[in-house]
Amino acid sequence: MAKFKSSAIDCGVVEAVQTQAFDVVVIGGGPAGMAAALAAHKAGARVAIVEREQHLGGILRQCIHPGFGLSHFKQELTGPEYAQRFIDQVHATDIALFLNSMVIGIDSGEPAEDTAVHTVTLMSPTGMLQLTGRAVVLAMGCRERTRSEIKIPGSRPAGMFTAGLAQRYINIENLKPGSRAVILGSGDIGLIMARRCTLEGISVEGVYELMPYANGLRRNVKNCLDDFGIPLHLSTTVTRVIGHDRVEAVEVSQVDERLASIAGTERIVPCDTLLLSVGLIPENELSVAAGVELDPRTRGAVVDQSLQTGVPGIFACGNVLHVHDLADNVTTESERAGAAAAAYALGGGAETNAVADTSCELTVSPAGIAGYALPGRITAVALTKLNFRVRRPVDTARVRILANGEEVFAGKVRAFKPSVMESFPLPAKVIQRALDLGASEIVLSVDPVEEA
Amino acid sequence: MAETFDIAIVGAGITGCAIARQLARYDLSICVVEAANDIALGASKANGGLVHAGYDPAPGTVKAQVNARGCELYGTWAQELGFLFRRTGSMVLGFNDEDRAHLEQLRSNGLVNGVPELSIVGPDRIHELEPRASADATCALWCPSTGFVDPFEVAIAALENAVANGVTFMRSAPVEAIEVAGSGDDARFTLATPASNVRCRYLINAAGNGAADISHMAGAEEFQMVWRQGNIVVLEKEPRTLMPLYPVPTPVSKGVIVTGTVHGNTVITATAAVREPGDTQTYAADVNALLTGAHKLVPDLDTRRVVRAFAGGRPVIQGTNDFFIGQSAVVPGLFQAAGIQSPGVASAPAIAERMELVMREAGVALRERADWNPIRHAPDDFDRTPLARKEELIESDPAWGQIVCRCETVPEAEIVAAIRRRPGAVSVEGVKRRCRAGMGRCQSGFCQSRVVAILARELGCDPSEVLLEDTGSWLVEGPLKGVR
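So the protein lines, in turn, are chains A and B.
Be aware that the first sequence starts at 1, since it is given in this note's numbering, and climbs by one per residue.
Be aware that the second sequence starts at 453, since it is given in this note's numbering, and climbs by one per residue.
Hints in this document: simulated from the structure, not taken from any laboratory.
Take these hints with a grain of salt, some might be off.
[As the list claims (entries may be wrong)] Calculated pairs, EDC-like style, for lysine to aspartate or glutamate (alpha carbon to alpha carbon, straight line, at most 20 Å):
#: 1; chain 1: A; residue 1: LYS412; chain 2: A; residue 2: GLU450
#: 2; chain 1: A; residue 1: LYS151; chain 2: B; residue 2: ASP754
#: 3; chain 1: B; residue 1: LYS933; chain 2: B; residue 2: ASP922
#: 4; chain 1: B; residue 1: LYS933; chain 2: A; residue 2: GLU200
#: 5; chain 1: B; residue 1: LYS748; chain 2: B; residue 2: ASP549
#: 6; chain 1: B; residue 1: LYS933; chain 2: A; residue 2: GLU173
#: 7; chain 1: A; residue 1: LYS151; chain 2: B; residue 2: ASP731
#: 8; chain 1: A; residue 1: LYS151; chain 2: A; residue 2: ASP256
#: 9; chain 1: A; residue 1: LYS429; chain 2: A; residue 2: GLU441
#: 10; chain 1: A; residue 1: LYS385; chain 2: A; residue 2: GLU441
#: 11; chain 1: B; residue 1: LYS933; chain 2: B; residue 2: ASP914
#: 12; chain 1: B; residue 1: LYS748; chain 2: B; residue 2: GLU688
#: 13; chain 1: A; residue 1: LYS151; chain 2: B; residue 2: GLU628
#: 14; chain 1: A; residue 1: LYS151; chain 2: A; residue 2: GLU248
#: 15; chain 1: A; residue 1: LYS385; chain 2: A; residue 2: GLU335
[Stated by the list, open to error] Here are the simulated distance ranges between beta carbons:
#: 16; chain 1: A; residue 1: GLN75; chain 2: B; residue 2: ASP849; range: 42 to 52 Å
#: 17; chain 1: B; residue 1: PRO691; chain 2: A; residue 2: HIS91; range: 33 to 43 Å
#: 18; chain 1: A; residue 1: GLU200; chain 2: B; residue 2: ALA737; range: 31 to 41 Å
#: 19; chain 1: A; residue 1: THR265; chain 2: B; residue 2: GLN770; range: 56 to 66 Å
[As the list claims (entries may be wrong)] Take a look, some chain A residues computed to stay more than 10 Å from chain B by CB distance:
#: 20; residue: THR78
#: 21; residue: LEU294
#: 22; residue: ARG392
We treat Cβ as the ideally placed atom computed from N, Cα and C, and that holds for glycine.
Model the full assembly from the supplied sequences, consistent with the hints where possible.
Laid out in C-alpha cells, this is it:
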C-alpha cells in the first residue's frame, strides 16, 4: 500500500537532535500505553512512554463515571481512579516519561533488517528529541467520528459537539456547553453523556439511534437512560441541523430497514446542543506513516498473535488497534503487547520472539456476521486469542472456524451483540489442523442458527 | 461619528480584499467595510479554491477577459503575498464523441480567451498526467495553467498586506444606508453602519451576495441577485495530491470537479441549485451527487473519509451570467464589482487590476506611494516547516512546541500569532482559517476547548464570550459550578 507522507512526517533521523536509547518506546500514555509499558518493564526492558498531554491517563481523565476495573481489579472504579492505579505503578518504576510531547515520526530503518532500531522523533515545549527502541508499541487510542463523516445535512452552527468534547468541557473545563441537548448515537459515550448532562442541569430531549437496537452496553442503557427517564428513539436519526449561528433545533426522521430515512416521518426537536456519539476511529496516521498496514474493517493495524504489526518490532494495542468497549480489556490486551515487545527487544529479533514458527503463516478473515477478526495473521501454533465483533445482534449464533472450506471448529450456540467485543480462545490443535489441511487462511465465521 | 476616506470598499471577500491590496500602492486613504466579523465569510469561504484557467467563459464576456489574466497573475500574487498556490494543470475528462466535441469547443474558447498551451489528449497521456483519472475517459482537455489556492488564505493575505500599507479594516460593520451628496463633494458617500458612519469620495461595491442591496442603497443600478447554491465536500489528505479533474461543463456550472488542495486534501466541488438567499445548508441529495460525480472522474476515491461538507451561494446577477465591473452609469463615483460568482477566485487579481484601470480612466488620481510594500510575509506554518526551523522556533518560544491541534500539528504559538496578526482572528473559525487548528479529520474534537481558552486569554474575555464564527455563535454558556 502507498506510504502516506505528510509534511509533518518528513523527518528521518536527524543528526543534531539529542537521542536517548531504550528497548521499548511506547507511544501514548493512556490505559493501553501504561499497561504495555508496565508489562515491558516487568519483562526487564528499559521503557519510555511518550504522551501528548501533561498527564498520564489519556481519555480516562475525563471519564469520571464508575464502571471501570470490574474485571481487572474486581472492584468498581471511576476512570480517573482506574488510571491512577496504573499511574502510581508507572511512577514506582524507572520507566522514562516524556510528557507534553508529540511524536512526529517513526523511522524504522530498512524493513529487511530484523535488528533494525526504530527512531521515534518527538517534540515538546523544551525542543526536539529522538528516542530509539528495538521495539515500539503504538497505543495512541482513537478519535470520535464527526458529523461530516456521517454526512448529516443542514447548517453548521455552534453547539454541535462530539460527546467526548462535551465531556471535556463539562468534566475538565467546568463549562456548560448548552441547556437543551439532543444526543445522536446510543454508544456508551452517548449514554454516559445523557446522564452526565442531566446531572449538570442540561435537559436531554432524547437519545436517537439509527440502528434498531442500542449500541452501548446494556448496563449503560439502564443506568444512564432508564433511571433518568430519558427516551431512547431507535431506528431514528438526525436528518438536518437547523440554526445559523447556534443550533436551534434538529430534524429527526425514522429510518427503514436499509437505514434510509422515511419521508413523512420528519419531526423538529428544538434544542441548542447536539451531541454526537456515532463511533470511534483508531488514530493511525502515525502508524501509516511508519509503513504499518491497516485493516480496512478495524482501521487499526493488521497484527499477528503477539500483536506485532507488519513492520517488525512495531506492536499495537488498545483503541488504536481496534475499538474496545471496556478499559479493562484494553489493559489485558496491552499487557500482552508490552510483554511481546519486550521479548522482541530483548531477544534480538523475530526468530526468538515467542514461539514463532516459520512453517506457520495463516491469515485470518471474518465471515458471516463477524465484522472483523483480530489478529489478522497467525504465525505460531499455540493457543491464540481471537477478537471479533458482530455487525448485528442475534439471539442464536455460533462461531465456526473454517480452513479450506472445512469446518475445523464450532463453538456453542449463544447470543451475540455488536456492543460487545468478543474474545475467543482458538486452540493450538485447530491451528495445526488448518495447517495440515494445507490452508493459508482460516475463516472466523459467526453464523446465525435457527433455534431448534 | 464619521471617519472620512478617499475610498471605501464594501465587502472583505476575496474581491474586496484584492482591490484593497491593488489600490493600497497609491496615495489614497482606503477603508474596507465588512458586515461580518472577519474576512472572507461569504462566497469566498464556501469555495472549492480552484484557479480555473479561463477556457470556460464565453469569449467577449467580462469573465473571459479577467479569468485567464487572473490565473496568470496568481504566480506573482502568491509570491508577493506569501500564500500557497499550486499550478498543477488540470484535465476536463471526456467519455464519448459528444464530449470530445465539447472539449474542442472549450479549447477554441480558451484560445480566444488567451489560455496558454491547451491540448486534447488521449487515454495514455491522461493516465500519465493523473494515474487516478477514470480509465473510461477516452479524451481530455489538458490545461497546464490551472491551479488551486486556499481562497480565504488569499483574501486574508491580500487584506493583511493592504492593512500593512495603511488600509483601514472595519469589521462587524454592515452598511445599513448610503447617502449620496453632490458629485463635487469630497465626501460624496456616507455609509451608515451600526457603530459609526464612513464617508468617502469613491465607493467600491464588492459586497458579493449583498452587491444588489448596496447598489440599491446608493440609488445606482437595480439588479437582483440569484443565490445559486453549491455544496462542497472535503476529504482527508491523500498520499499524493490530485490534479483538478473536470467533467464536461453544463450550461450553468462546471459540474462536479475533483481537485487536490494546497494542504493535500481532496475537494469535490460543487453542485448548483437556485435556493433561498442566505441558505448555506448542505443537502443529502447534493452531497450524494458530489460523491457520485467524483467517482465518475476518480473511481478509487475513498468518499467515506469526509472531513467536512459545506455550502455557499454564488453571487449571480439575475439575467446575466457575467461579472459587472465598472463605474456606475447612474451614480458616478460608485464603482461596481458585482456578480462575482465563479470564476471569482481565479479572477480576483485581474478584477483588482481592472478596477484600478476603470478608476484611472474615470479620473481618480492614482499617485504611487514611495513607501508601498508589496510583500506580505506569511506566518510560520509549523507543520510545513523544516525540522531545523522547528527547533529554532521552539527555542525562541516554548509555545511553538505546545501542539494544540493534533490532526494538523498546530502549536499554541501559531494560534496566538493568528489572533495577534492585523487583521487577526476573533473566533474559533477565524483561527482555523488562518492556521488550520480544527481543520483536520477530528474537526476540533480534541482542540476546540483549548482554542477557546487561548482566544479568551488573548482577547481578554470569558470563554462564554468566545464565538465559533460570528455574533450569536456562542460555544459554552459559562461555568457549571461556582468554583471559578
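Hint check:
{"no.": "1", "hint": "A:LYS412 with A:GLU450", "result": "13 Å, holds"}
{"no.": "2", "hint": "A:LYS151 with B:ASP754", "result": "14 Å, holds"}
{"no.": "3", "hint": "B:LYS933 with B:ASP922", "result": "27 Å, violated"}
{"no.": "4", "hint": "B:LYS933 with A:GLU200", "result": "9 Å, holds"}
{"no.": "5", "hint": "B:LYS748 with B:ASP549", "result": "17 Å, holds"}
{"no.": "6", "hint": "B:LYS933 with A:GLU173", "result": "11 Å, holds"}
{"no.": "7", "hint": "A:LYS151 with B:ASP731", "result": "18 Å, holds"}
{"no.": "8", "hint": "A:LYS151 with A:ASP256", "result": "18 Å, holds"}
{"no.": "9", "hint": "A:LYS429 with A:GLU441", "result": "15 Å, holds"}
{"no.": "10", "hint": "A:LYS385 with A:GLU441", "result": "16 Å, holds"}
{"no.": "11", "hint": "B:LYS933 with B:ASP914", "result": "15 Å, holds"}
{"no.": "12", "hint": "B:LYS748 with B:GLU688", "result": "19 Å, holds"}
{"no.": "13", "hint": "A:LYS151 with B:GLU628", "result": "37 Å, violated"}
{"no.": "14", "hint": "A:LYS151 with A:GLU248", "result": "19 Å, holds"}
{"no.": "15", "hint": "A:LYS385 with A:GLU335", "result": "13 Å, holds"}
{"no.": "16", "hint": "A:GLN75 with B:ASP849: 42 to 52 Å", "result": "45 Å, holds"}
{"no.": "17", "hint": "B:PRO691 with A:HIS91: 33 to 43 Å", "result": "41 Å, holds"}
{"no.": "18", "hint": "A:GLU200 with B:ALA737: 31 to 41 Å", "result": "38 Å, holds"}
{"no.": "19", "hint": "A:THR265 with B:GLN770: 56 to 66 Å", "result": "37 Å, violated"}
{"no.": "20", "hint": "THR78", "result": "18 Å, holds"}
{"no.": "21", "hint": "LEU294", "result": "12 Å, holds"}
{"no.": "22", "hint": "ARG392", "result": "20 Å, holds"}
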